[in-house]
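Based on the provided sequences and hints, a complete structural model is requested.
Just so you know, the protein sequences line up as chains R and C, in that order. Sequential numbering of the first sequence, starting at 3, is according to the numbering used here. Sequential numbering of the second sequence, starting at 32, is according to the numbering used here.
Simulated from the structure, these hints should not be mistaken for lab results. Worth double-checking, as some hints may not be accurate.
[To be verified] For lysine-lysine, the following DSBU-like pairs were computed, each having C-alpha atoms within a straight-line distance of at most 30 Å:
#: 1; chain 1: C; residue 1: Lys408; chain 2: R; residue 2: Lys123
#: 2; chain 1: R; residue 1: Lys266; chain 2: C; residue 2: Lys220
#: 3; chain 1: C; residue 1: Lys288; chain 2: R; residue 2: Lys129
#: 4; chain 1: R; residue 1: Lys129; chain 2: C; residue 2: Lys411
#: 5; chain 1: C; residue 1: Lys289; chain 2: R; residue 2: Lys129
#: 6; chain 1: R; residue 1: Lys58; chain 2: C; residue 2: Lys109
#: 7; chain 1: C; residue 1: Lys336; chain 2: C; residue 2: Lys414
#: 8; chain 1: C; residue 1: Lys414; chain 2: R; residue 2: Lys58
#: 9; chain 1: C; residue 1: Lys108; chain 2: C; residue 2: Lys414
#: 10; chain 1: C; residue 1: Lys411; chain 2: R; residue 2: Lys266
#: 11; chain 1: C; residue 1: Lys368; chain 2: C; residue 2: Lys289
#: 12; chain 1: C; residue 1: Lys411; chain 2: R; residue 2: Lys58
#: 13; chain 1: C; residue 1: Lys207; chain 2: C; residue 2: Lys120
#: 14; chain 1: R; residue 1: Lys129; chain 2: C; residue 2: Lys239
#: 15; chain 1: R; residue 1: Lys266; chain 2: C; residue 2: Lys88
#: 16; chain 1: C; residue 1: Lys337; chain 2: R; residue 2: Lys123
#: 17; chain 1: C; residue 1: Lys109; chain 2: C; residue 2: Lys289
#: 18; chain 1: C; residue 1: Lys368; chain 2: R; residue 2: Lys266
#: 19; chain 1: C; residue 1: Lys337; chain 2: R; residue 2: Lys58
#: 20; chain 1: C; residue 1: Lys411; chain 2: R; residue 2: Lys123
#: 21; chain 1: C; residue 1: Lys134; chain 2: R; residue 2: Lys123
#: 22; chain 1: C; residue 1: Lys288; chain 2: R; residue 2: Lys266
#: 23; chain 1: R; residue 1: Lys266; chain 2: C; residue 2: Lys239
#: 24; chain 1: C; residue 1: Lys414; chain 2: R; residue 2: Lys129
#: 25; chain 1: C; residue 1: Lys444; chain 2: R; residue 2: Lys123
#: 26; chain 1: R; residue 1: Lys123; chain 2: C; residue 2: Lys288
#: 27; chain 1: C; residue 1: Lys368; chain 2: C; residue 2: Lys336
#: 28; chain 1: R; residue 1: Lys123; chain 2: C; residue 2: Lys414
#: 29; chain 1: C; residue 1: Lys408; chain 2: C; residue 2: Lys108
#: 30; chain 1: R; residue 1: Lys123; chain 2: C; residue 2: Lys88
#: 31; chain 1: C; residue 1: Lys413; chain 2: R; residue 2: Lys58
#: 32; chain 1: C; residue 1: Lys370; chain 2: C; residue 2: Lys414
#: 33; chain 1: C; residue 1: Lys120; chain 2: R; residue 2: Lys266
#: 34; chain 1: R; residue 1: Lys58; chain 2: C; residue 2: Lys336
#: 35; chain 1: R; residue 1: Lys123; chain 2: C; residue 2: Lys220
#: 36; chain 1: R; residue 1: Lys129; chain 2: C; residue 2: Lys413
#: 37; chain 1: C; residue 1: Lys370; chain 2: R; residue 2: Lys123
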Amino acid sequence: MILAQVVNGLAWGMILGLLALGLTVIFGMMNIINFAHGAIYALSIYLAYTLVYLVKIPLLSSFWGSLIIVPFVVGLGGLLMERYLIRPMLKVKHEYQLLLTFSVLLILQETIAIVWGTMPKPFNCPKSLTGVMNLGFMIYPTYRLFCIGMTIVIALCLWFFLEKTKYGSIIRAGIEDPEMTLCLGINISAVRNLIFGLGISLAAFGGVLSAPITGTLSPLMGMTHLITCFVIIAIGGLGSFTGAIAGGILIGILKSIMIMIEPKASELVMFVAMAVILFVRPRGLFGRR
Amino acid sequence: MVMKKRVTNMFLLVALGVISISGFFLASMDQAFGQSEDTVYLACIDDFSGPFASSGKAYLQGIQLALKDAGYKVLGKKIELVTRDTELKPPVGVRRLREVVQKYHPFFVFQSESSSVGLAMEQEALNLKTPIFIEGFATQITGDECNRYTFRWDASNYAGARSGLAAFLKLHPKVKSFYAIVDNNASGKSMLEEQEAILSSHGGKILKTTFTPLGNADYSSHLTEALSLNPDALIFNNYGTGNMNVSKQIHEFGISKKIPVLGGFGGLDMLRGMPPEAPEGIFYGVNWWHTVDNDWTKNFVSKFKKEYGEVPSYISASGYIGAWLVLQTAEKVKSLKAKDLIIGLEQFGSFEGPSGMETLQPWDHQVVHPFILGKGKAVKDKKDSDDYLDVVGSAAVYPNTSLETSACKFKTKDEEL
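Take a look at the structure:
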């Protein structure tokens, strides 16, 4: 039974880790706490819902089409958000940035409620991935296993991009020493713009990927996951994408096991874990600062 | 410069004064004209925003249809329906009730799903001596916190949980062990207590109960554990989005194909929020279902579809029947006074209602009607998009079956109404 819970915790934790990735990339590299992350996640799911169920565009009106197009479109929105909302606020106090991203969160939530209404909406699992697989010691939904694989692929791609490519080196240099990077003739504003767009795009990808399992669509759905994502990046280390995935897995497994022991404490356990880890290692499991 | 500023300030003060006076004047005019002797008021003070917004809308639609059927008239007077949003907050509900009663003196008020808002408004309705229909599930609404001004059509937690499980056990007599997933709130727990009582008399037991936060998104760990414990059946007492999510994930894990599953409280609004294949094979307890085979239902569904272009949920049926009962009583007693309406309703007895023959119990003001058990249909068997359930059973296990055993003890005498 414990092994089954560990596998389930791993699957759910990886999905949470994927959702936290975008948040940690933006925070770690731009030092901005993006409260709008949860609403962007919700907006992405609603856009995917529109594409899959409400409009008929050849090739795009499917789950797979939305998994590609929505992160791209929302990522473009992220570039605009950084250029016209975030960038003018970079020189002011952190509090103003918090207020700004919080107001974007509220605006997006209300916009979702106005455009799509407050009635909950379903989001189906793609037909090719419905059903369960027998793992020998347990049966498990095929789509959740797919999500584990997809999260691993995304995390590896992101790691490769940031650690092994020229653009990744520029981004990291821009974060470590912006002035020196500027002296080398690199457009630091463009780097920041790209990072923000990437972070937003990751939130959108995580949203669409998790839509068939994370629940029924409602305008406030992003808020629950936003809190969990903050806990995960605090545990994993602010700005560390390895930490985001590891934090997600840890939270997923702890919650799963706690449900066996004391279900009422399953929500509490993640906050206790965060407190303990921050007490022992204030920068989180993989944090550098 | 100073002079100019003073003039500007003076102008502002005068303008404000004029606006205030004209606003007051217009409000008084509105009240004076609005409350002509030929107009009487009903009020629907309900949750029109937040998580229960869809329930509020459905309930209002039911009331409006009943009023339309009556030509928006009672005793020859024009009925105007006043609406206010409780925002799902008990203090707001109480404030709105007070405001509406003071301004419009409605002869009846209606409020639907939220028990916490309903319980708060119930006490205020007593203070304001205004009769009210409250449709929350809390057993105490027509139980130990009842009062003579409050009526209810919806089944309480007691009635819903016991009736639903009784009908379920009739279909699955060999089922003895359950795994229970329950909303961690008063309603979920109260349903669980009632179900445990029924189970113990059946010789069954709950292997494990797991409490989940309201509107929880992920139930996979609970379902993984349920599969490991190998129970005979699974029961879930989750409402709203929690009900949708758990149903969806039960289907995802293939549990409803392995063991019988019972959702304590279901409804069309929740079923519409799930992927169409999710409810397949799951049993749901529902107050009413639009395919119940009786004349009232056929007539109501047809009228509702014509008016709103969709199939009604039990919440709309509840709104309709509540308003219909009030209007019928008013015509019968030829009065809109609270005292006459209350006594009239207490003497109403049995009538043809949404679930067949129904009875309004005079000693607790609860309408007793069969609670329906439906089984989720396979997508290929559905006749239309709202054809989610097959009605497979019903039961009516209510508390307060007689004046003597009733937990509801009215303290207000006829002459004090």
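Which of the numbered hints are not met once you compare them with the structure shown? The structure breaks hints 6, 9, 10, 11, 13, 14, 15, 17, 18, 21, 25, 27, 29, 32, 37; every other hint is satisfied.
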